[in-house]
Amino acid sequence: MSKVGLIIKREYVTRVRNKTFLLSTFLLPIMMLLFVVGSAFFAAKSGEKQKKIAVINDPGFIRNNLKADSAKVLFSFDATATDTNFAGKGYDGILILNKDSANRTFLLYSKKTLSSASKEYIENKLDKAFENRQLENRGIKIAQLDSVTKETKSNASVIKNELKDSKGSTTKVNAAVNYGIGFGSGILIYITMFIFGAMVMRGVMEEKTNRIAEVIVSSVKPFQLMLGKIIGIGAVGLTQLLLWIILIFGLLTAAQLFIPGDTMKQVQELQQMQQSGAIPGGGGFAASEAAKNIFEMQSTLASIPWFKIISCFIFYFLGGYLFYSSLFAAIGSVINEDPQEAQSLMLPITMPIIFGFIILSSNISTPDSPAMFWASIIPFTSPIVMMGRIASDVPWWQLTLSMTLLIAGFLFTTWLAGKIYRTGILMYGKKATWKEMFKWAFRKS
Amino acid sequence: MNVLELHNLKKYFATQKAVDDISFDIAEGNIFGLLGPNGAGKTTLLRMITGIFYPDSGEIIFNGKKFDPVNDTVGIGYMPEERGLYKKMKIGEQALYLAQLKGLGKKEALEKIKDWFIRFEMQSWWNKKVEDLSKGMSQKLQFVTTVLHNPKLIILDEPFSGLDPVNANLIKDEIFRLAQNGSTIIFSTHRMEQVEEICNHIVLVNKGKKILDGTVKQVKNEFKENLYRIGAAVLPEHLSTHIFEVVKHSPEELLVKLSNGVSNNDVLQYFIGKGVSINSFKEELPSLNDIFIRLVGDTPTTRQFQAIN
Chain A
328 MSKVGLIIKR EYVTRVRNKT FLLSTFLLPI MMLLFVVGSA FFAAKSGEKQ
378 KKIAVINDPG FIRNNLKADS AKVLFSFDAT ATDTNFAGKG YDGILILNKD
428 SANRTFLLYS KKTLSSASKE YIENKLDKAF ENRQLENRGI KIAQLDSVTK
478 ETKSNASVIK NELKDSKGST TKVNAAVNYG IGFGSGILIY ITMFIFGAMV
528 MRGVMEEKTN RIAEVIVSSV KPFQLMLGKI IGIGAVGLTQ LLLWIILIFG
578 LLTAAQLFIP GDTMKQVQEL QQMQQSGAIP GGGGFAASEA AKNIFEMQST
628 LASIPWFKII SCFIFYFLGG YLFYSSLFAA IGSVINEDPQ EAQSLMLPIT
678 MPIIFGFIIL SSNISTPDSP AMFWASIIPF TSPIVMMGRI ASDVPWWQLT
728 LSMTLLIAGF LFTTWLAGKI YRTGILMYGK KATWKEMFKW AFRKS
Chain B
4 MNVLELHNLK KYFATQKAVD DISFDIAEGN IFGLLGPNGA GKTTLLRMIT
54 GIFYPDSGEI IFNGKKFDPV NDTVGIGYMP EERGLYKKMK IGEQALYLAQ
104 LKGLGKKEAL EKIKDWFIRF EMQSWWNKKV EDLSKGMSQK LQFVTTVLHN
154 PKLIILDEPF SGLDPVNANL IKDEIFRLAQ NGSTIIFSTH RMEQVEEICN
204 HIVLVNKGKK ILDGTVKQVK NEFKENLYRI GAAVLPEHLS THIFEVVKHS
254 PEELLVKLSN GVSNNDVLQY FIGKGVSINS FKEELPSLND IFIRLVGDTP
304 TTRQFQAIN
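Respectively, the protein sequence lines represent chains A and B.
Counting the first sequence from 1 gives a position; the numbering used here is that position plus 327.
Counting the second sequence from 1 gives a position; the numbering used here is that position plus 3.
Source of the hints: derived by calculation from the structure; they are not laboratory data.
In this text, a Cβ means the ideal position worked out from N, Cα and C, and glycines have one as well.
Please note that a few of the clues may not be correct.
Pairs of lysine-lysine residues, derived as BS3-like cross-links and limited to a Cα-Cα distance of at most 25 angstroms, are as follows [as the list claims (entries may be wrong)]:
1. B:K13 - A:K336
2. A:K477 - A:K491
3. B:K13 - A:K746
One-sided excerpt, in silico: chain A residues whose CB lies under 7 angstroms from chain B [stated by the list, open to error]:
4. D473
5. N537
6. V542
Computed spacing ranges between beta-carbons, pair by pair [unchecked claim]:
7. A:M678 - B:E199: 40 to 46 angstroms
8. A:Y755 - B:S290: 28 to 34 angstroms
9. A:M678 - B:E196: 29 to 35 angstroms
Throw the hints in and build the complete structure from the sequences for me.
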């Protein structure tokens, strides 16, 4: 086996065998799932207790608009309540209206601070009362207006956006799914770039502080050592990603087993109907709501170009990793035991990564904007930003240009980092300055 | 035959002439001492010999051919002064890994590791991690990994630092054994008593230049001052003579410096003539320590930075 091969093997095996690798691989998706489920659960639960509010001083027209149709607030028109005895009567607060109907500033006394949501709810209700009074003054019947609104809502307009290319074939546009995939994979690349970049940096620091670097470079070239470490850790990252993908698909399949059999049957019937050209959901067939949802989800998932997305993801993951990890390795080689030194030197490297993420998150809804275009071409940000555009149709020339530049970029950073690394790894004592590193990088060997 | 020949090696760094035109040869089977004060350029020199640095100019001949850093490293075992091991790695795996990096096959490497582990009574360590070892133990492991692949040239930079006398002797015996079996050893240190005990040839470098080169005996003879130690009860009235100068006088012993042209026998005859009975008579050669201090002691303790253009 070649020497680089030996180094790759060691880096890979020692990390994959480590307990933290297994833990992070299998626990992280489960933790994320728990996090999502947990936060949804608590969001649903956190609806505060219903507040009982006494209302006095009604000028007449408000009463009908403050109905007890909310879980948040229960209004009681209790004429006996006052701003001193409301607590004793079991109310959480007392809302004092004005007899003067032009004055729209009201006082609300309460035992505890009301949540902003409750306050807003009450304000909206009061506004609505004033609006209704205006309408009635102009002769519009509220009941009629309500029934019109209801009718419109029950039969809402739907836009079906499809892409049509020159050959006339059409593809469904699913902006929300594109958004989700783009943002999700962008974040994933952003996070993994930091995790594995830092792993490379720590690995180099370990070799330097353990003083084994010089022992090793008397057997192999420093560049081989650096390359072996980068490739080995990259393989660890790839293994972890593949395990995650398998795990996610496994969980999705397992989740399907929990769907009741007759629902699945209906889903299949819907699929058959679609194949035979009938409009799903229309016609005489009455599918349950759940079956319709599952069918909808399945056909959406089927319309996504998974192969393209996953292969681009792997390419940009590896490209971004290779681009930045060699820079992280160079930083690791010039610092000594003190991790604080790492912080200041890492900043210029982490900045473009963070910058890429900011561009992605602020422009994700406009994947064709100039900012997204440039950021997805330039290798400093392209791994993160291009993933945000990938689900929407990116022209092939842009994709090719971006990929070529990324490959050229990581060849350049690896070459540059190799020269800094070669000198840095054997320097003990003081931290190298940017000026020195620049000199090491560009002097003739 | 010379295992290693250095011809006019130069290596300049931004602020220092680390190695400035050094040449010497090392014959096969020698234990060679590379001496010099801190910052003299020893480590830079060794890094060039091990292929870590390329010389700016000059030539290294290894085993009769121009040194090839890629393929010749298998013939070299280097234990640097800044040395260490992977702390989290098991000892057996670590030794195997380092041996394989030197180019040994897995099977061959395992056999050799077993041999060495038995010799150093380290068999039970195989599955331990380096972080569980004491400093002395990891030094022994480091030594084993350095010499495991039977290198023709073994370079040891301060090999005894951190070792207790028992383990230091163990390593010392191994160094002799390796030299007898045909390995050549470069031994770099500033502990002169160890050099005197172990090395047969020394080179002293200072400020990047070679200032001394020869066998230990040659060097000592070169720096001898005609001092003789005479074991005899000598009375003060016997000491007024032109043939020697008294350096030190105690009731039982006398240290004298002979005048020019005076031989040992003249001195002995002088004392016999005075009726003094002599128990011992021995030439006093300077220790390497004395020579070292004499040669480099007047240079500043730390090397100053200098401008290189």
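So which of those numbered hints doesn't the model satisfy? 1, 2, 4, 7, 9
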